[in-house]
Amino acid sequence: MKGFVGLVLFGPLVIAVMAILAMIMGAGAGWIAGLIFPQVFENLSDLVFTEEVPAWQIGAMLGFIATFLRVSFPRRR
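UniProt numbering numbers the first residue of the sequence shown as 1 and each following residue consecutively.
Think of the hints as simulated: they come from the structure by calculation, not from any bench. Incorrect hints may have been included.
Said to hold, decoys possible - The calculated label-pair distances, taken between Cβ atoms and stated as ranges, are: (1) Glu52 - Lys2: 50 to 60 Å; (2) Leu47 - Gly6: 42 to 52 Å; (3) Thr50 - Met25: 21 to 31 Å; (4) Phe73 - Val48: 17 to 27 Å; (5) Arg76 - Gly28: 28 to 38 Å; (6) Glu42 - Ile20: 35 to 45 Å; (7) Ala66 - Asp46: 18 to 28 Å; (8) Arg70 - Phe10: 13 to 23 Å; (9) Lys2 - Leu35: 30 to 40 Å.
A virtual CB, placed ideally from N, CA and C, is assigned to each residue, including glycine.
Just need the whole structure built from these sequences, with the hints factored in.
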């Protein structure tokens, strides 16, 4: 029973920490990609958000969402 309670309390914490770390890595990747491809991110942010959003914010958003979904819904083999 203690193992189940520990899993219920510790599981969401692990998922949140992994999602935040991925968000930080996504922000870094978005920043680097924004330096290399500035027009691509400008056009993408205008198309999707109708206003200019910095590349690092797009990367952070995608990193957080992708990791949160990947950890929340694991692949079944």
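Going down the list of hints, with the structure as the test:
1. Glu52 - Lys2: 50 to 60 Å: holds, 51 Å
2. Leu47 - Gly6: 42 to 52 Å: About 45 Å separates the Cβ atoms of Leu47 and Gly6, which means 42 to 52 Å holds.
3. Thr50 - Met25: 21 to 31 Å: holds, 27 Å
4. Phe73 - Val48: 17 to 27 Å: holds, 24 Å
5. Arg76 - Gly28: 28 to 38 Å: holds, 31 Å
6. Glu42 - Ile20: 35 to 45 Å: violated, 27 Å
7. Ala66 - Asp46: 18 to 28 Å: About 22 Å separates the Cβ atoms of Ala66 and Asp46, which means 18 to 28 Å holds.
8. Arg70 - Phe10: 13 to 23 Å: holds, 19 Å
9. Lys2 - Leu35: 30 to 40 Å: violated, 50 Å
Hint compliance for this structure: hints 6 and 9 are broken, all remaining hints hold.
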